[in-house]
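For the record, the sequence lines run as chains A and B. The opening residue of the first sequence carries number 385 in this note's numbering; numbering runs sequentially from there. The opening residue of the second sequence carries number 385 in this note's numbering; numbering runs sequentially from there.
Treat the hints loosely; a few may be bogus.
When chains are identical, the list treats them as one kind, so a pair holds in a single copy or across two.
As the list claims (entries may be wrong) - Straight-line C-alpha distance at most 25 Å; calculated DSS-like pairs for lysine-lysine:
(1) K454 / K485
(2) K490 / K425
(3) K636 / K490
(4) K428 / K563
Treat the hints as calculated values from the structure; they're not laboratory data.
The chain contents come next:
Number of protein chains: 2
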Amino acid sequence: MSPLRRSPSPCSSRPSSPRTPPLERFGPVGIEAVLDQLKIKAMKTGFEFNIMVVGQSGLGKSTMVNTLFKSKVWKSAVPSLEVPTPQTLELHSVSHVIEEKGLKLKLTVTDTPGFGDQINNDKCLRPLDIEFLQRLCRTVNVVPVIARADSLTIEEREAFRSRIQQNLKAHCIDVYPQKCFDEDINDSILNGKIREQIPFAVVGADQEHLVNGRCILGRKTKWGIIEVENIAHCEFLLLRDLLIRSHLQDLKDITHNVHYENYRVIRLNESHQLPRGPGWVNLAPPGQLTSPGCLKVRRQAQKDSKDDER
Amino acid sequence: MSPLRRSPSPCSSRPSSPRTPPLERFGPVGIEAVLDQLKIKAMKTGFEFNIMVVGQSGLGKSTMVNTLFKSKVWKSAVPSLEVPTPQTLELHSVSHVIEEKGLKLKLTVTDTPGFGDQINNDKCLRPLDIEFLQRLCRTVNVVPVIARADSLTIEEREAFRSRIQQNLKAHCIDVYPQKCFDEDINDSILNGKIREQIPFAVVGADQEHLVNGRCILGRKTKWGIIEVENIAHCEFLLLRDLLIRSHLQDLKDITHNVHYENYRVIRLNESHQLPRGPGWVNLAPPGQLTSPGCLKVRRQAQKDSKDDER
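Here chain A stands alone, though its shape is the one from the complex (with noise of 0.2 Å):
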């Protein structure tokens, strides 16, 4: 990279006719127009988001996605008599185009039924979580939940997070937004924030009630109504904030760049097939993955899985 000198300007005074148009709205080249151009883009074609639900059965992952989207994106299936609990685990997917004020997303909600029904989930963070989001942390990007807050107290729901948080960090398990991947100082301070907040602890509802004039998401007890969509009760807020309006398009990012990148180079490295010349890329173990330097892992993967197709 050099630096960038600007054309000297040694001005004659020889006139000319036809006038040039002046160049209101763009600066000299006109580079800021891709903004544009990325919007009307991302009108034109939309854009796609994936969501895989974990958890057991009856923890209202459907209620919280409809909840979410405000839509009937997805309806798990409920157990029945007739149809026995799934024994195994088998991934199933809905995709559903949502459009708000012009903007569409094309949204694809994946189920994990069965996950867990067989086994004893008295305490939180067994094992089975605990080797499960290891593994899961390496291929997606986690956002652990509180679900159910409702049935917690002030001080329960603390604990609990607290419990998560010690957990989260004993077993080296990395969920988003992901500390090494924060580009700047504002990363870490908006990011932390989100760190310290998460699990949120979360209430869905899918029926309004009518308070002070004004229909609101919530669910009707006989002590009140816990309001959805008020920060005073519980945390569905920070998280639809997360996921939608403020790191969908990171989310993403780290997704493609990362997840898909570091996949890409693990199956190129297994095909032995494949002859291990000077593109050969042995792999650190997929623990260092999560490790603080894997920003440099992430550039590295996309490096070598672009020196592996050549």
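Put chain B on the given structure of chain A with help from the hints.
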């Protein structure tokens, strides 16, 4: 894709105390926040753009690039008595960061010194050009221009343009914007006009002249000033608008989604060590990539290269 049902609103009249904040800026879900996220990301990280300039020495390639970006971005190696003209085609790249209104563009310009210098170039679009362009347009987006258009009369310019257009068509050279990638009627209308005007007849200049109190980029001659940014004089503005102000993101998208994906599929198929299982792709001959069905090939290429990695 199933249609979305909005949640019913069976509001009751139960009052509640703390207020949910009014959602003024976003819709109920807040999908459109991704537009802000895209903008913030672009402003923060900037974006990249790569241009390769091809043509014999003396055509004004470096002046044209410098005119496009209003900076001394690039200085081509002028053949001197000491340093002979390169006899082989070797690529040479320089990178700069250009900033305008806070948005950064990492521009990489690649030169092809010695291209065609050893060949009689009395008649343009001779076999070398045709062979070269046929291969090139399957690998990158090609934007042909008539350089040094100030040396042509109006009649010569139009005759030259018409001859080039006929030759491109006769030899199936599919230059940018490719008809098969038009996504809707608006694309067809806008890009159709551009296709009629291509190749743009352009003039480059790195000197400014004072004309009616304004500094004008142009070439000062005995008979007047040829104004680069005056559509009545030459088509430089059309070229700049296409490359930077209207199609920059689309150029990048087609490069990434079509050319790079095709390249990956070809490289994966060439690796004979890969097992020829169900994921094996028997790609159509490269010529078909520029056929009217290339949009389908485009999508298939993306899918196939992902399948190959599985």
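Evaluated hints:
1. K454 / K485: Intra 14 Å, inter 38 Å, cutoff 25 Å: intra-copy only.
2. K490 / K425: So K490 and K425 pass the 25 Å test inside a copy (15 Å) and across (21 Å) alike.
3. K636 / K490: Classified as both: same-chain Cα gap 13 Å, cross-chain 23 Å, threshold 25 Å.
4. K428 / K563: Between copies only: 18 Å across chains, 34 Å inside a chain, cut-off 25 Å.
Every hint from the earlier list agrees with this structure, and none is contradicted.
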